[in-house]
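**Q** Here is what each chain is made of, one letter per residue.
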Amino acid sequence: MSAIEQFRQATRQWLEANCPPSLRTATPDGEIVWGGRQVDFPSEDARLWFERMRDKGWFCPQWPSEYGGGGLSAEYNAVLESELRRLKCRPAQINLGIWMLGPVLLEFGSEAQKQALLPPMCRGEVRWCQGFSEPNAGSDLASLKTSAVADGDDFVINGTKIWTSYGDKSDWMYALVRTDPKAPKHQGISLIVLDMKSPGVSVSPIDLISGKSAFCQVFFDNVRVPQSQLIGPLNGGWHLGKSLLQHERKAMSKFGEFSLPTHFHLLPLIERYLPDSQAPADQALRARAQACAMNEHAYNLTVQRMGEEARAGLDISAIMAIMKLVHTEQERDKFEILLDALGYRALGLEGEPFSSQELAITRGWLNSYALTISGGSSEVQLNVIAKRVLNLPSV
Amino acid sequence: MSLVYSEEQRLLADSARDFLAARSPVAAQRRLRDAASAPGYDPQLWQGAVGLGWSGIPFPEALGGLEFGCMGLGPIFEAMGRNLSASPLLSSVVLGGSLIHLAGSAAQQDHWLTAVISGERRLALALDEKPRHAPEHTALTAMAESGGYRLDGEKFFVIDGLGADAYLVAARTRGRAGETQGISVFLIPANTPGLQVSALTLIDSRNCARLRLSAVHVGSDALLGTLGAAWPVLDEALDRGRACLAAEMLGAAEQLFAMTLDYLKTRVQFDVPIGSFQALQHRAARLHVELQLARSAVMAALAALDDSALSAAERGRRVSLGKWKAGEVAALVSNEAVQMHGGIGVTDELDVGLYLKRIRVAQACLGDSDFQCARYAAFASLEN
Numbered sequence: 001m002s003a004i005e006q007f008r009q010a011t012r013q014w015l016e017a018n019c020p021p022s023l024r025t026a027t028p029d030g031e032i033v034w035g036g037r038q039v040d041f042p043s044e045d046a047r048l049w050f051e052r053m054r055d056k057g058w059f060c061p062q063w064p065s066e067y068g069g070g071g072l073s074a075e076y077n078a079v080l081e082s083e084l085r086r087l088k089c090r091p092a093q094i095n096l097g098i099w100m101l102g103p104v105l106l107e108f109g110s111e112a113q114k115q116a117l118l119p120p121m122c123r124g125e126v127r128w129c130q131g132f133s134e135p136n137a138g139s140d141l142a143s144l145k146t147s148a149v150a151d152g153d154d155f156v157i158n159g160t161k162i163w164t165s166y167g168d169k170s171d172w173m174y175a176l177v178r179t180d181p182k183a184p185k186h187q188g189i190s191l192i193v194l195d196m197k198s199p200g201v202s203v204s205p206i207d208l209i210s211g212k213s214a215f216c217q218v219f220f221d222n223v224r225v226p227q228s229q230l231i232g233p234l235n236g237g238w239h240l241g242k243s244l245l246q247h248e249r250k251a252m253s254k255f256g257e258f259s260l261p262t263h264f265h266l267l268p269l270i271e272r273y274l275p276d277s278q279a280p281a282d283q284a285l286r287a288r289a290q291a292c293a294m295n296e297h298a299y300n301l302t303v304q305r306m307g308e309e310a311r312a313g314l315d316i317s318a319i320m321a322i323m324k325l326v327h328t329e330q331e332r333d334k335f336e337i338l339l340d341a342l343g344y345r346a347l348g349l350e351g352e353p354f355s356s357q358e359l360a361i362t363r364g365w366l367n368s369y370a371l372t373i374s375g376g377s378s379e380v381q382l383n384v385i386a387k388r389v390l391n392l393p394s395v
Numbered sequence: 396m397s398l399v400y401s402e403e404q405r406l407l408a409d410s411a412r413d414f415l416a417a418r419s420p421v422a423a424q425r426r427l428r429d430a431a432s433a434p435g436y437d438p439q440l441w442q443g444a445v446g447l448g449w450s451g452i453p454f455p456e457a458l459g460g461l462e463f464g465c466m467g468l469g470p471i472f473e474a475m476g477r478n479l480s481a482s483p484l485l486s487s488v489v490l491g492g493s494l495i496h497l498a499g500s501a502a503q504q505d506h507w508l509t510a511v512i513s514g515e516r517r518l519a520l521a522l523d524e525k526p527r528h529a530p531e532h533t534a535l536t537a538m539a540e541s542g543g544y545r546l547d548g549e550k551f552f553v554i555d556g557l558g559a560d561a562y563l564v565a566a567r568t569r570g571r572a573g574e575t576q577g578i579s580v581f582l583i584p585a586n587t588p589g590l591q592v593s594a595l596t597l598i599d600s601r602n603c604a605r606l607r608l609s610a611v612h613v614g615s616d617a618l619l620g621t622l623g624a625a626w627p628v629l630d631e632a633l634d635r636g637r638a639c640l641a642a643e644m645l646g647a648a649e650q651l652f653a654m655t656l657d658y659l660k661t662r663v664q665f666d667v668p669i670g671s672f673q674a675l676q677h678r679a680a681r682l683h684v685e686l687q688l689a690r691s692a693v694m695a696a697l698a699a700l701d702d703s704a705l706s707a708a709e710r711g712r713r714v715s716l717g718k719w720k721a722g723e724v725a726a727l728v729s730n731e732a733v734q735m736h737g738g739i740g741v742t743d744e745l746d747v748g749l750y751l752k753r754i755r756v757a758q759a760c761l762g763d764s765d766f767q768c769a770r771y772a773a774f775a776s777l778e779n
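One line per chain: the protein sequences are L and B, in this order. Under our numbering, read the first sequence as residues 1 to 395, first letter to last. Under our numbering, read the second sequence as residues 396 to 779, first letter to last.
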């Protein structure tokens with residue numbers, strides 16, 4: 001038996017023995033395990049699974065073992081991933097640091113930074129958040145103004161970041177800050193990491209049209225950060241930030257693989273609300289719902305195809321560029337149709353006689369507006385496709 | 396089930412592309428149209444394709460095929476779409492050959508399938524009677540009589556019907572139009588008395604015919620498969636045809652999109668390439684998005700044809716998704732291609748119009764978007 005086949009057998013056996021059967025399903029809402037200083041486990045099984053995967057080094061299977069990773073080659077990692085998929089294992093934890101900052105640290109961080117930051121990530125001990133957008137720097141991210149001024153061994157940070165997901169629950173932040181206000185806007189930006197417990201950091205959650213949200217605004221009031229926490233070259237942060245966002249898109253598409261929004265199956269739901277109705281208005285709605293469900297099916301197949309093409313060693317950048325746009329617009333369209341199907345029952349804010357599912361649909365509809373804006377608005381996604389995939393000329 | 400072509404299939408795609416680029420560029424299709432000569436395709440091109448083995452792809456080796464699987468037809472139909480190549484691959488091999496393979500007796504297979512694979516004979520499926528594809532609405536009658544059957548009725552849209560050597564005629568032997576039970580398929584040689592074939596001149600200038608059957612008498616050996624129970628095999632053969640048409644439309648739409656992108660990069664107005672305008676960039680980006688989704692759906696449709704573990708309903712659902720998405724997207728790309736080319740886009744000189752016309756015909760063939768959408772939903776509701 002070849003070495004890789006042996007690894008597959010061993011991995012399969014290990015997963016069979018160690019992944020608790022209750023966790024061999026898609027992750028339901030509210031049961032995602034976020035790694036960090038304090039982890040909320042939805043069940044004892046979730047804790048066991050977390051600890052066993054951590055001890056294997058499989059939070060970061062491809063990272064070098066000297067930093068606590070699993071030390072697997074891409075080929076072995078593909079085997080691990082396929083065995084995880086085969087058994088439908090839930091992710092043992094989710095951590096932005098691992099998905100996004102980690103790869104950038106491995107490429108651009110100093111040895112000391114890798115030694116300090118990577119092992120805790122591999123143990124799932126730090127929850128990371130991202131400080132990129134600002135109130136006046138949204139789609140035009142490079143116009144960000146939060147300043148970091150050198151002072152002795154430290155930077156002193158002033159300004160504010162917005163749309164930071166789980167800013168209130170995170171332990172550390174990686175942030176883009178302006179270190180040279182006089183340079184052209186792309187050239188005066190640096191990437192730094194900071195402890196959210198640093199004096200002068202304050203966080204306030206943001207209420208959205210859908211109610212409570214994970215989004216926060218973070219304020220920096222003379223926050224001192226050691227200069228050793230600058231990642232990569234001074235004023236070289238824009239390039240690193242772009243690289244990070246590419247990992248974000250990859251991570252988002254991976255996220256899509258296991259958290260496909262299966263909680264609302266459109267066609268059966270529609271039929272529940274329009275049982276056997278042949279009324280013209282209901283028939284028209286049905287036709288819209290069918291087209292919507294078929295487009296969703298095509299998207300799910302595209303997620304599958306992207307995975308297969310990646311494993312076959314093909315260039316998937318042209319597919320990856322569409323995923324966020326398509327997924328978020330389809331979610332929005334789906335909620336619009338559900339809203340029409342539920343009629344008056346979709347207009348409830350809370351309480352009787354609305355069912356929890358009806359209220360969740362209403363909430364989901366309101367929430368879907370944020371999806372097509374956050375993480376690069378649909379318009380930015382279209383710009384990216386036009387320029388990077390289609391190579392259309394700039395003005 | 397894989398949504399990516401295997402290495403073998405990619406090699407086949409390369410050879411199909413090279414062969415058609417050399418032997419069947421769009422200019423050749425244009426000449427064929429202008430000459431308006433029967434049979435609507437270039438017989439030498441078809442012999443070349445047969446020589447490459449295309450006509451044997453889906454059939455078992457024991458029957459003289461290559462046993463390459465229906466998915467192997469995908470890259471070929473994509474390449475035909477890209478070049479707008481006309482050939483009887485769909486009518487004679489995918490539809491006709493499949494029906495003989497799936498339902499024919501040993502004698503019928505021996506006589507006809509071998510000849511189809513070798514390119515000596517050509518079959519055509521005579522199915523639709525109404526303006527829109529509706530196979531279960533087959534009404535043409537076949538009455539049992541001593542020693543065989545008598546058929547009467549009309550078929551409206553017979554792909555490659557002119558000059559076919561024999562027709563596979565769907566007829567009703569029981570029940571009424573709208574029912575899937577009671578449909579039979581008869582294999583009727585073209586020279587059978589009472590069979591009248593007339594040409595339909597279509598926008599894509601390919602071969603298409605109407606059939607009139609007046610007191611056509613055939614022996615009982617003309618029946619293909621079981622009397623009144625042709626539906627499952629007919630449905631499977633049609634699904635093969637639908638998936639191949641979806642692949643053809645995908646290839647055509649991708650090529651048309653590439654031509655349009657070139658134009659956006661080179662056409663200068665207001666002193667800049669028009670592709671620098673965000674209004675057009677976003678529309679072009681939307682076409683890219685839709686083409687990616689269509690490709691996934693088409694691959695799933697092709698893969699479903701070879702997956703014997705799938706139920707007929709699940710196969711049908713995936714095939715209908717593929718044809719629906721490919722048809723919708725190809726029509727969108729055609730419309731946008733004409734509009735973005737502006738004035739030149741509506742001239743006959745430009746190839747854009749040839750793609751537009753072929754895509755519209757392929758979209759209607761074997762079920763338009765509404766048909767596929769309704770079929771998908773019917774199968775989806777069975778599941779839940």
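Derived by calculation from the structure, the hints in this document are not laboratory data. Incorrect hints may have been included.
What the hints assert, rightly or not - Computed list of lysine-lysine pairs in DSS-like fashion (alpha-carbon distance at most 30 Å, straight line): (1) Lys-169/L <-> Lys-212/L; (2) Lys-387/L <-> Lys-212/L; (3) Lys-145/L <-> Lys-88/L; (4) Lys-242/L <-> Lys-114/L; (5) Lys-525/B <-> Lys-185/L; (6) Lys-197/L <-> Lys-212/L; (7) Lys-525/B <-> Lys-387/L; (8) Lys-242/L <-> Lys-752/B; (9) Lys-185/L <-> Lys-212/L.
Unchecked claim - From the structure, some residues in chain L lie toward chain B, with a derived Cβ separation under 8 Å: (10) Asp-195; (11) Leu-339; (12) Leu-359; (13) Leu-390.
Here a beta-carbon is modelled for each residue, glycine too, at the ideal position from N, C-alpha and C.
**Q** Honestly, which of those hints from before does the structure not fit?
**A** 2, 3, 5, 7, 8, 9, 10, 11, 12
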